[in-house]
Amino acid sequence: MKIINDSLTISTEGFNDMKDLTPLVAEKLISHRLQDGLLTIFVPGSTAGVTTIEYEPGLVEDFSRFMEKVAPSNVPYNHDRRWGDGNGFSHVRASLLGPSLSVPFSGGRLSLGMWQQIVLVDFDNGPRDRAVILHFLGE
Amino acid sequence: MKIINDSLTISTEGFNDMKDLTPLVAEKLISHRLQDGLLTIFVPGSTAGVTTIEYEPGLVEDFSRFMEKVAPSNVPYNHDRRWGDGNGFSHVRASLLGPSLSVPFSGGRLSLGMWQQIVLVDFDNGPRDRAVILHFLGE
Amino acid sequence: MKIINDSLTISTEGFNDMKDLTPLVAEKLISHRLQDGLLTIFVPGSTAGVTTIEYEPGLVEDFSRFMEKVAPSNVPYNHDRRWGDGNGFSHVRASLLGPSLSVPFSGGRLSLGMWQQIVLVDFDNGPRDRAVILHFLGE
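Residue numbers (the numbering used here), protein chains in the order written: chain A, 1 to 139; chain B, 1 to 139; chain C, 1 to 139.
If you are wondering where the hints come from, they were derived from the structure by calculation, not from laboratory data.
Please note: incorrect hints may appear among the correct ones.
Below, simulated DSSO-like cross-link-like pairs (lysine-lysine); rule was C-alpha separation at most 30 angstroms, straight line [claimed, not checked]:
no., chain 1, residue 1, chain 2, residue 2
1, C, Lys28, C, Lys69
2, A, Lys69, C, Lys69
3, C, Lys2, A, Lys2
Bear in mind the structure is a predicted one, so any value in this text is a computation, not a measurement.
With the sequences and hints as input, model every part of the structure.
Below, the structure written as structure tokens:
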């Protein structure tokens with residue numbers, strides 16, 4: 001069994017910006033010539049998260065609105081009072097969604113549904129270049 | 001170390017239908033004769049999720065009500081306007097909960113708490129037969 | 001490749017009590033002399049969860065308030081009506097956040113961001129001694 005630690009760099013705009021990682025991840029899987037195993041996607045940092053979604057513009061907007069409603073940006077956060085970052089809402093959303101996602105692969109293909117994409121969501125309050133770790137365990 | 005890719009098929013009713021997978025998963029673990037390792041439960045598809053809960057009828061209802069409150073089915077979704085699926089709420093809930101869960105096992109047993117069950121939650125707006133992947137890494 | 005099943009015991013106060021596990025986890029990683037692999041943090045039990053956050057007092061409070069708002073403790077739960085535990089809210093929050101988190105490590109170090117800590121959140125309605133499983137797959 002092999003352990004392969006790879007990564008992507010993704011430029012984001014923040015404010016719930018959602019990026020489809022699926023084609024890049026699938027390419028990496030092929031390049032490492034692994035057939036069966038487990039892929040863990042992990043985003044270092046405390047203002048972004050990963051999940052899956054049917055990546056189409058309507059849902060991208062729906063999910064962004066949902067996050068704005070559930071953890072609003074226009075209410076006071078203690079984080080902002082202490083540190084003046086103005087991104088308390090970003091942190092709360094990121095902790096809620098979580099930084100890691102594990103996807104099995106088999107026969108050289110990710111076990112995703114047909115309408116299911118792996119996405120990075122950047123909740124921060126400005127543009128960032130995000131490192132995303134792709135950790136493969138398999139053979 | 002072995003990699004074993006197995007699966008379950010679960011019939012669900014949608015609308016937050018929650019199914020206890022624990023006995024089926026425990027049976028699979030025994031049948032593969034693994035002692036120590038990591039199990040990843042992954043649901044392909046973008047309208048269902050997995051988590052753990054104390055699986056009793058009161059909480060099953062509480063969790064369903066919570067999801068209805070936090071991501072209501074009776075508000076407009078852009079997904080529905082574009083595609084007419086009527087299940088925008090299902091997608092948002094599924095992306096929030098997430099499609100994967102990892103549970104260590106040791107001495108041939110899942111490391112769950114006594115009142116903690118592994119559950120599939122189907123958020124879609126109708127009945128489905130769901131594939132659930134059980135990915136074992138262990139020995 | 002090695003499979004190492006370790007654990008921590010963490011005393012908590014409940015009511016969203018959040019504990020930073022990062023220094024303890026980093027110590028365990030060093031003690032097992034692993035360089036590359038995947039760590040899964042799993043909390044047995046149905047009233048606690050794990051995630052990452054920038055662990056500073058402002059955000060700890062923000063996250064607690066967020067959880068109180070999204071799944072309030074002062075509304076009726078069917079779980080409480082049936083079992084009289086009074087912790088229906090704890091269960092709902094725990095199922096939402098999830099009991100597992102996977103963090104890759106490389107060169108003997110966890111792949112966390114600089115301001116990103118691994119935390120246990122105990123949602124129960126009283127003090128507990130919590131077991132937290134640290135499951136290492138690596139070499």
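Evaluation of the provided hints:
1. With a C-alpha separation of about 35 angstroms, the suggested pair Lys28/C and Lys69/C falls outside the 30 angstroms cut-off, and the hint is violated.
2. Taking the CA atoms of Lys69/A and Lys69/C, the gap is about 12 angstroms. The hint holds against a cut of 30 angstroms.
3. Using a Cα cut-off of 30 angstroms, the hinted pair Lys2/C and Lys2/A holds, with the two alpha carbons roughly 12 angstroms apart.
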